[in-house]
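Taken in sequence, the protein lines are chains G and E. Numbering follows the numbering used here, in which position 85 of the first sequence is assigned residue number 108; successive positions increment by one, without gaps. Numbering follows the numbering used here, in which position 19 of the second sequence is assigned residue number 265; successive positions increment by one, without gaps.
If you are wondering where the hints come from, they were derived from the structure by calculation, not from laboratory data. It is possible that some hints are incorrect.
[Said to hold, decoys possible] For lysine to aspartate or glutamate, the following EDC-like pairs were computed, each having C-alpha atoms within a straight-line distance of at most 20 angstroms:
1) G:Lys88 / G:Asp110
2) E:Lys249 / E:Glu312
3) E:Lys298 / G:Asp110
4) E:Lys249 / G:Asp110
5) E:Lys249 / G:Glu81
6) E:Lys249 / E:Asp328
7) E:Lys357 / E:Asp328
8) E:Lys315 / E:Glu301
9) E:Lys298 / E:Asp313
Below are the chains, spelled out letter by letter.
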Amino acid sequence: SAVISQKPSRDICQRGTSLTIQCQVDSQVTMMFWYRQQPGQSLTLIATANQGSEATYESGFVIDKFPISRPNLTFSTLTVSNMSPEDSSIYLCSGRGQTNTEAFFGQGTRLTVV
Amino acid sequence: DAKTTQPTSMDCAEGRAANLPCNHSTISGNEYVYWYRQIHSQGPQYIIHGLKNNETNEMASLIITEDRKSSTLILPHATLRDTAVYYCIVRVPYNAGNMLTFGGGTRLMVKP
């Protein structure tokens, strides 16, 4: 299975600022996803990162708040914009290759907004 | 994707088998049962999946009932490192989105 690296692993940010999280996969993947995990909760899908086109967002998530890029098959970024304390969560990147049915995950980015 | 129901939490003694149940009574014919786990402060990790036959790998065994309405993940000799939240997910492997929909999962605590 592929290995996903996320940067940063954690950050503490001031409200009103933005943070960009990077996700690098060590092999090409067909699908990449971004999830949010709020404290003590399960994972919630934010969006599917589409290569070369706009991401597909789930209900409750919008591009202005969570812009996503995916310039190639191994890299994606998620930006958390104009942050508030409610954005404090773990953000996880996930990928799936073409020949395997299971998904794999990065270690997550633990974001605290103060 | 079909919904699943899992107990919120379970305890298991170290060295004993951990049997984690999952109900998926609305599973459709082309949906597989997947299990993932999330150890504290880590991303979810794939464990095993199956359609209707029982499956075994180096991590666990998956037992699916004949009517496919429920399944059990078995960790044959649980260790303290198996303490995690275990998620049972049913999905079509190659559906358009290929995303995973996570429920609440079962928090397994392995005790010495």
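The hints, checked one at a time:
{"no.": "1", "hint": "G:Lys88 / G:Asp110", "result": "holds (10 angstroms)"}
{"no.": "2", "hint": "E:Lys249 / E:Glu312", "result": "holds (18 angstroms)"}
{"no.": "3", "hint": "E:Lys298 / G:Asp110", "result": "violated (40 angstroms)"}
{"no.": "4", "hint": "E:Lys249 / G:Asp110", "result": "violated (27 angstroms)"}
{"no.": "5", "hint": "E:Lys249 / G:Glu81", "result": "holds (18 angstroms)"}
{"no.": "6", "hint": "E:Lys249 / E:Asp328", "result": "violated (25 angstroms)"}
{"no.": "7", "hint": "E:Lys357 / E:Asp328", "result": "holds (10 angstroms)"}
{"no.": "8", "hint": "E:Lys315 / E:Glu301", "result": "holds (16 angstroms)"}
{"no.": "9", "hint": "E:Lys298 / E:Asp313", "result": "holds (9 angstroms)"}
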